[in-house]
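Residue numbers (our numbering): 84 to 248.
If you're looking for bench data, these hints aren't it; they were derived computationally from the structure. Treat the hints with caution; some may be incorrect.
[Stated by the list, open to error] Computed list of lysine-lysine pairs in BS3-like fashion (alpha-carbon distance at most 30 Å, straight line):
1) K152 x K175
2) K201 x K233
3) K201 x K150
4) K233 x K175
5) K181 x K160
6) K160 x K233
7) K160 x K150
8) K175 x K201
9) K160 x K175
10) K233 x K181
11) K228 x K160
12) K201 x K152
13) K228 x K150
14) K181 x K150
15) K233 x K152
16) K201 x K160
17) K150 x K233
18) K175 x K150
19) K152 x K181
20) K201 x K181
[What the hints assert, rightly or not] Taking CB as the label site, the calculated pair distances span:
21) D208 x S146: 19 to 27 Å
22) S127 x I226: 13 to 21 Å
23) Q143 x A224: 19 to 27 Å
24) Q227 x Q143: 19 to 27 Å
25) K228 x Q143: 19 to 27 Å
Positions of the beta carbon are idealized from the N, C-alpha and C atoms, including for glycine.
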Amino acid sequence: MKKGIYILIGTALWLSSCTGGSKNTDAVISETASTTGHYGEFVSVDRAVTVSEMFTTLQQTGSFDGKVKGEISEVCKSKGCWMTLELPDGNKMRVTFKDYSFFVPTQSSGYMAVIEGKAARTITDVETLRHFAEDEGLPSAEIQKINSPKEEYTFEAEGVLIQEI
């Protein structure tokens, strides 16, 4: 019983951590701060593959471990706690940050990123999809239309390098 309560509390804290929180936390990057730079672990451009090359590997093997270079499509508007890269099939791959240990500037859309970490095909549950939709600033009516899990490619980055295009 106790274990169930701890799991429930932990899940609630995780889901609320990226929405509606105080914008005065040290972890949140100021809107006026420079967008380009390193976030999380240091990442170099060396041996980074394109999103297309990574996507081919994902389709063939189901996973990818390495560096990827691509344009940032979207960023969490609340804190910068996730971003997306567009895949060759028109879908977007959500990039989250290992152990929730760093964020990227919320104004990073349209910049080039080199990310290092692991990608895989995953199933995202409805509650998490709705949470991400809130972070995107979607209207409540759109969020309520999300009613089934989604199979998608996701990437957990240990570090991000953001550059001008």
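Evaluation of the provided hints:
For the proposed pair K152 and K175, the alpha carbon gap of about 14 Å is at most 30 Å, so the pair holds. Restraint check for K201 and K233: satisfied, since their Cα atoms lie roughly 19 Å apart, inside the 30 Å limit. Straight-line distance between C-alpha atoms of K201 and K150 comes to about 9 Å, which keeps the hinted pair within the 30 Å bound. For the proposed pair K233 and K175, the alpha carbon gap of about 12 Å is at most 30 Å, so the pair holds.
Distance check on the hinted pair: K181 and K160 sit about 19 Å apart at the alpha-carbon level, within 30 Å; holds. About 21 Å separates the Cα atoms of K160 and K233, which keeps this hinted pair within 30 Å; it holds. Taken as a hint, the K160 and K150 pair is honoured in the structure, with Cα atoms around 25 Å apart against an allowance of 30 Å. For the given pair, K175 sits about 16 Å from K201 by alpha-carbon distance, which is consistent with the 30 Å threshold.
At roughly 16 Å between alpha-carbon atoms, K160 and K175 fall within 30 Å of each other, so this suggested pair holds. Between the alpha carbons of K233 and K181 the distance comes to roughly 21 Å, so the proposed pair stays at or under 30 Å and holds. A hinted pair counts as satisfied when its Cα atoms are at most 30 Å apart, and K228 with K160 qualifies at roughly 20 Å. Taken as a hint, the K201 and K152 pair is honoured in the structure, with Cα atoms around 13 Å apart against an allowance of 30 Å.
Between the alpha carbons of K228 and K150 the distance comes to roughly 35 Å, so the proposed pair goes past 30 Å and is violated. A C-alpha spacing of about 14 Å is found between K181 and K150, which places the hinted pair at or below 30 Å, so the restraint holds. The suggested pairing of K233 with K152 holds, with an alpha-carbon distance near 25 Å, which does not exceed 30 Å. With a CA separation close to 23 Å, the supplied pair K201 and K160 stays within the 30 Å bound.
Restraint check for K150 and K233: satisfied, since their Cα atoms lie roughly 25 Å apart, inside the 30 Å limit. The straight-line distance between the Cα atoms of K175 and K150 is roughly 17 Å, inside the 30 Å bound, and the hint therefore holds. For the suggested pair K152 and K181, the alpha carbons sit about 18 Å apart, so the restraint of at most 30 Å is met. This hinted pair checks out: K201 and K181 have alpha carbons roughly 10 Å apart, not beyond 30 Å.
Between D208 and S146, the C-beta spacing of about 20 Å keeps the proposed range 19 to 27 Å intact. For S127 paired with I226, a C-beta distance near 38 Å fails the hint of 13 to 21 Å. The beta-carbon spacing between Q143 and A224, approximately 39 Å, falls outside the hinted interval of 19 to 27 Å. Look at Q227 against Q143: about 37 Å separates their beta carbons, and that is not inside 19 to 27 Å.
Range check, K228 to Q143: about 33 Å between beta-carbon atoms, so the 19 to 27 Å window is missed.
Hint check: violations occur at hints 13, 22, 23, 24, 25; the rest are consistent with the structure.
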